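Undergrad: The residues making up each chain are set out below.
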Amino acid sequence: MDFRNILLLVASVLDFVLAFFVFKNNRKRELNVAYALLATFSGLWSLGIALFRASTDYSSQLFWNQEFILAAGLIASSFLHFTFVFSDKEIRLKNWQRFLIYVPNVLVLIGVATAGVMIKGIRIRSWGNESVLGWGYAHYAFYFGAFWIWGTLNLVKKLLHATGIFKNQLIYILAGLSVSIFFGVTFNLLLILFGDYRWIWLGPYASFIFLLITTYTIVRYRLMDIRVVAKRFFVYIGLAIWVYVSFYVVAWIMEKFFGGLSSASGYMAGAILAPAFVLLFNSTNRVLHSVANKYFFVSLYNYQETIAKLTDKLTSSIDLGKIVNLIVGTVKDVMKLDRAGILLISRGDGAMKCKIAKVIGFEESDGKCLVRDNFLVSYLEKTQKPLVRDEIQMLGKRSSGERDRGQLAELSQNMKKIDASLCLPMVISNRLVGIIVLGDKISGDAYTSDDLDLLNTLSKQASIAVENARLYKEVRDFNKTLGRTVNEQTKEIREQKEQVEKLLAKETKAHALEKRANAELRKLDESKTDFMLITQHHLRTPLSTNAGIIDLMISGAYGKPTKKMKEAMVKLQDSNAKGIGVINELLDVSSYQIGKEAIRLDEKIDFSALMEETLKDLRTEAKKKNIYLKYDVEGKIPKIPADRTKLKMVLTNVIDNCIKYTTKGGVVVTAKADKDNLMIAVADTGIGMSDDVKEGLFKRTFNRGEEAQKMFALGKGLGLFLSGKIIEGHHGKIWAESRGVGKGSVFYVELPLKQEAARGRTAAAKRDAPESGQA
Amino acid sequence: MKPIVLFIEDDPEQVVLYKTKFEMEGFKVFFADNGTDGVAMAKEKKPGLIFLDVLLPHENGLDILKKLKKDELARGIPTVLFTNLSNKNTRDEGLRHGAVDFFVKTDITLKELVAWAKKNAKKA
Chain A
1361 MDFRNILLLV ASVLDFVLAF FVFKNNRKRE LNVAYALLAT FSGLWSLGIA LFRASTDYSS
1421 QLFWNQEFIL AAGLIASSFL HFTFVFSDKE IRLKNWQRFL IYVPNVLVLI GVATAGVMIK
1481 GIRIRSWGNE SVLGWGYAHY AFYFGAFWIW GTLNLVKKLL HATGIFKNQL IYILAGLSVS
1541 IFFGVTFNLL LILFGDYRWI WLGPYASFIF LLITTYTIVR YRLMDIRVVA KRFFVYIGLA
1601 IWVYVSFYVV AWIMEKFFGG LSSASGYMAG AILAPAFVLL FNSTNRVLHS VANKYFFVSL
1661 YNYQETIAKL TDKLTSSIDL GKIVNLIVGT VKDVMKLDRA GILLISRGDG AMKCKIAKVI
1721 GFEESDGKCL VRDNFLVSYL EKTQKPLVRD EIQMLGKRSS GERDRGQLAE LSQNMKKIDA
1781 SLCLPMVISN RLVGIIVLGD KISGDAYTSD DLDLLNTLSK QASIAVENAR LYKEVRDFNK
1841 TLGRTVNEQT KEIREQKEQV EKLLAKETKA HALEKRANAE LRKLDESKTD FMLITQHHLR
1901 TPLSTNAGII DLMISGAYGK PTKKMKEAMV KLQDSNAKGI GVINELLDVS SYQIGKEAIR
1961 LDEKIDFSAL MEETLKDLRT EAKKKNIYLK YDVEGKIPKI PADRTKLKMV LTNVIDNCIK
2021 YTTKGGVVVT AKADKDNLMI AVADTGIGMS DDVKEGLFKR TFNRGEEAQK MFALGKGLGL
2081 FLSGKIIEGH HGKIWAESRG VGKGSVFYVE LPLKQEAARG RTAAAKRDAP ESGQA
Chain B
565 MKPIVLFIED DPEQVVLYKT KFEMEGFKVF FADNGTDGVA MAKEKKPGLI FLDVLLPHEN
625 GLDILKKLKK DELARGIPTV LFTNLSNKNT RDEGLRHGAV DFFVKTDITL KELVAWAKKN
685 AKKA
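If you read the sequences in order, they're chains A and B.
Note that the first sequence covers residues 1361 to 2135 in the working numbering.
Note that the second sequence covers residues 565 to 688 in the working numbering.
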């Protein structure tokens, strides 16, 4: 078997394999089916030619000759079929169309089967077999030549309108096709027509070339998207070859060193080699995979890495600016685009606002025109799929509404205007948060499905990252605003708080001061008390001693006194007693002023009884002076709230005063009670008072009045002041009247019957007359 | 047997005075010029009456009163606060702590004092 035949066989096998993969990839798509048929028939054709050349007997030669003529015809049909359905859109032929394409082959079949129509005979030449063609062959040639031309024209027509990836695919296919056609038509059609059979073996090489180009197109331009399958095929073949080779190597080793596969040492060696083989197998597998990845998916491989890295960076950042820059920059660089941009969509008050977040290569105004009419936004939100400009037409055909189609067309125009070829939606929970707009690849290649898958994944990641960043920014802004608002709102509160704090501080200070003042007062009090005690003691002691000694002297302890001595001693006693009295009063005033002796008004006393008691004490003195002392009561006197002791003091004081300043006549005390008060009047027929004396009578100064001063060296001026204070304490009034000097005086004391009402009166009186002993 | 009185008093002039008067009236008079001696003497001499001054140089009569009343032997003796201090507090405190009465020296004559003592002293 010569090498040409082997090559032909290999070509046919590869054709079958190609057909298989294409068909397996998508047997529903008519394009795949047509192509698979094309490949299959090519394979059959190569096979036929190979076997024709290899056959030695006539019947085989004839058979294979018939076969490959038929196969060639079918190739032409399937090629035509292919050209009709080859497109970036889905095209389905009607059954009658398909029928028309393939029906001529029936004629070919008949022609082939009938002796003499196609093949007259087979001649054997030195270089190989040769078939002698019949009259039918020219018709066949013509027909299928026409098919070829028609098909090619179809493709050319399509090429003129094609764009993007489709265009690339077409170019390559046409290129491959041209070569194949050239070869095929020349060597297998024309030359045969002119009787030269020598070169028929070249034809299948054309198909081989076509095959190669198709494979390349598959690899590079994802023709019919069978890259994954092809890659797997590559790996399997590689592994199969490797296993095959390994097997023979192992077998050789066994033979050479272990005396055969079935020897005992052979088994042992096998046991060791087997695990080694498994390990090696695994690594080989990996290597093959990575190689296949690299060459089948070279760009994809890189993308994946880069975009995985990008995703990492995206998810670790919350700076919106950084994220946006990262997305646009990376995508543009990795996919080698001429331009890329991101639009962010914010919703506020129901309206959607698009903002250009970052563009490279686009003009800022470009983005605006794209989203001007909101159609793109709502469309993307609805479909949530990438929008490829090239596909808009197809989408338009599929969509229902007239308006939609119009808008899609307009969108497509807009995109073309700004050279945007892809709009990726960024969606979070069915809400569009942004659009990634990409231009064309610098290489001019189209976006492959893998590209789109990747971009889809990327856009999802990007959406999340952008949304996070946006939310973060929102929260931060909100916090700032909140903080500011809170500050503003609480400014007043804070100011108030500050004020209160200041006040509190002042108060605390004041309180502290008060406390200190109180403490000092108390100390003062105590020292006053001490003073009091000491004063009392020191003032009284000598006087009491005096009194005692005098008493003893009078009672004769130191010898019996004479009458004159006794008289003197009595005078001494009186004088001493007076001194004691003055001291007592002094001490009382002091202690009263300090407040130790409060006026107790809780008891109600019988006034008349008190009066009688008081008068009893004073009658002696009055008798001594030979003046009368009378007490008159008008009506009934109810019990009055008073401090008995103090009131007695006052009465004693006043009456005593009157007695003192009366030499003839007497003192008359009257008491009368009305609804509110008890009125006491003490009238005397004494020396009377001038007006200024009257003024100063109850004042603190020891004002006894000039007249009084004249009469007595010792006075009871102090007493009146104290009396005034006591009556004030009773919330009552005390005052004096006189018709003038020598015309006697009357002292009035008014005491309230009910204390409650009286307190108010006293307070009012105090307000009006600040420092006056006269109530 | 003569009734015994004890004066706890620091003023010597006063002491002479009272001693003279009370002895004239038929009392046996003892005196002490400080609290410690006073308490000791109360226990020893067992007077029928104690006159206790409040303002002593280094002590407070009230404290002495308390000491007297704490002592088993002395507590039964009627004790009178006899002083020139006339404030209410002292009087009340004294009475609260067991004094039977309170006299201000300047306000009571010797005669009255003797009369009261004769009436109230515990017979021996």
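Calculated from the structure, these hints are not laboratory results.
Just so you know, not all the hints are guaranteed correct.
[What the hints assert, rightly or not] Stretch by stretch, here's where chain A covers chain B in the computed footprint (C-beta under 8 angstroms, at least three residues):
hint, region
1, 604 to 617
2, 633 to 639
3, 644 to 657
4, 668 to 677
Note that the coordinates shown come from a computational prediction; the quantities given were computed from them, not determined experimentally.
Think of the CB as a built atom: it goes at the ideal place given N, C-alpha and C, for glycine as much as any other residue.
Undergrad: Which hints, by number, does the structure contradict?
TA: Going through the list in order, the structure violates hints 1 and 2 and respects the others.
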